[in-house]
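K.L.:
Heads up: the sequence lines are chains A and B, in that order.
The numbering of the first sequence is this note's numbering, which starts it at 1 and goes up by one.
The numbering of the second sequence is this note's numbering, which starts it at 1 and goes up by one.
Check each hint, because a few of them may be wrong.
Not the full set, but computed from the structure, chain B residues with beta-carbon under 8 Å of chain A [claimed, not checked]: (1) T37; (2) L40; (3) R42; (4) A47; (5) A116; (6) M119; (7) N124; (8) L127; (9) G131; (10) S132; (11) T133; (12) A135; (13) F136; (14) G138.
Some chain A residues judged to face chain B by a derived CB distance under 10 Å, without partners named [stated by the list, open to error]: (15) S59; (16) P67; (17) A81; (18) K89; (19) Q90.
By construction, these hints were calculated from the structure, which means they are not laboratory data.
Since we're looking at a predicted model, the values are computed, not measured.
Virtual Cβ for every residue (Gly too), placed ideally from N, Cα, C.
Residue strings, one per chain:
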Amino acid sequence: MLAASPTTLPLFLALTACKGPAVLSGPPPVPAQTQTLLHALTAELNLIWIYNKTMAEYSGLRPALAPLLAEHQAHLARLRARVIEPPGKQAPDTATARPAVDPTSAGALSQLRDAEQAAVTAQLGRLAGASPSLAQLYASIATSEATHVTTLTSRISQSGARS
Amino acid sequence: MKPAAPTAVSGLQGALAAEHAAVYGYGIVGAVTTGSTESLARADWLAHQEARDTLEAMLVKLGATPVAASPAYQLPFPVTDEASAVRLAAALEDGVTQAYLALVAVTDRTLRSFGALSMQPPANRALAWRGSTVAFPGMPTASASA
């Protein structure tokens, strides 16, 4: 039988008394890369929301906006496929930003273009800490959004020329 | 087994090879087109030459020998008229976008950012040629969904 020595017993007590059993502790912190991915998901949900709202208020814009909305839905699906839900945290499924749509259709297009430009900047900001394949997904989505900026800018110019 | 991430030099060489192919390809596009389409092709040809020069300078700075252009390239399909030339231009831009996306896989933050930003001009030129956007520029499915 092992007897507790005067030196090992205090050490044992010190080690075990510091923390309770692991089962009682809260969920581990969400890794930074997962947190970033969850932010990217929320950003896509917010873009999809504003597209849907704009198309609901300005039905004449639907033909032009529907393909861009479909691409955002594809982005959302691809991002969602990369999420492994951390313990105690669910992947977001609703928009967190629901701004009022501009009272004119030209203004609404500008609002979408600005949202797309902000999304490009945000995606590029996610590259640094991402794994290579996730960085490529962010870069591809950022590029897609950059082409949306071009498309919307062209549309705004056309509507300006007509008015 | 996952493919190994490219090094800075191999990623830049891949992008340079794509730019060489685009410079060659736009020579074909320009030869078959006329008027405003030819002018657009010429502007894009010059943009690819500029990008090629930038990549060569970056490689030299890294102590590497920039990959040389091939004397000729296999076209993905016969280019016989303006419509096929326009399709070739879009395909060339897709190829360049894909090459820059490969560069995003490097671990160096500056190069990763350079690769991501460099995807935007060719993706926008592809949009101009094709007339429509794609959901995932540079990804293997981009051309297929066009």
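K.L.:
Each hint: holds or not?
P.N.:
Verification of the supplied hints:
{"no.": "1", "hint": "T37", "verdict": "violated, 18 Å"}
{"no.": "2", "hint": "L40", "verdict": "violated, 15 Å"}
{"no.": "3", "hint": "R42", "verdict": "violated, 20 Å"}
{"no.": "4", "hint": "A47", "verdict": "violated, 15 Å"}
{"no.": "5", "hint": "A116", "verdict": "holds, 4 Å"}
{"no.": "6", "hint": "M119", "verdict": "holds, 4 Å"}
{"no.": "7", "hint": "N124", "verdict": "holds, 5 Å"}
{"no.": "8", "hint": "L127", "verdict": "holds, 5 Å"}
{"no.": "9", "hint": "G131", "verdict": "violated, 10 Å"}
{"no.": "10", "hint": "S132", "verdict": "holds, 7 Å"}
{"no.": "11", "hint": "T133", "verdict": "holds, 5 Å"}
{"no.": "12", "hint": "A135", "verdict": "holds, 4 Å"}
{"no.": "13", "hint": "F136", "verdict": "holds, 5 Å"}
{"no.": "14", "hint": "G138", "verdict": "holds, 5 Å"}
{"no.": "15", "hint": "S59", "verdict": "violated, 21 Å"}
{"no.": "16", "hint": "P67", "verdict": "holds, 7 Å"}
{"no.": "17", "hint": "A81", "verdict": "violated, 13 Å"}
{"no.": "18", "hint": "K89", "verdict": "violated, 27 Å"}
{"no.": "19", "hint": "Q90", "verdict": "violated, 25 Å"}
In this structure, the earlier hints numbered 1, 2, 3, 4, 9, 15, 17, 18 and 19 are contradicted, and the remaining ones agree with it.
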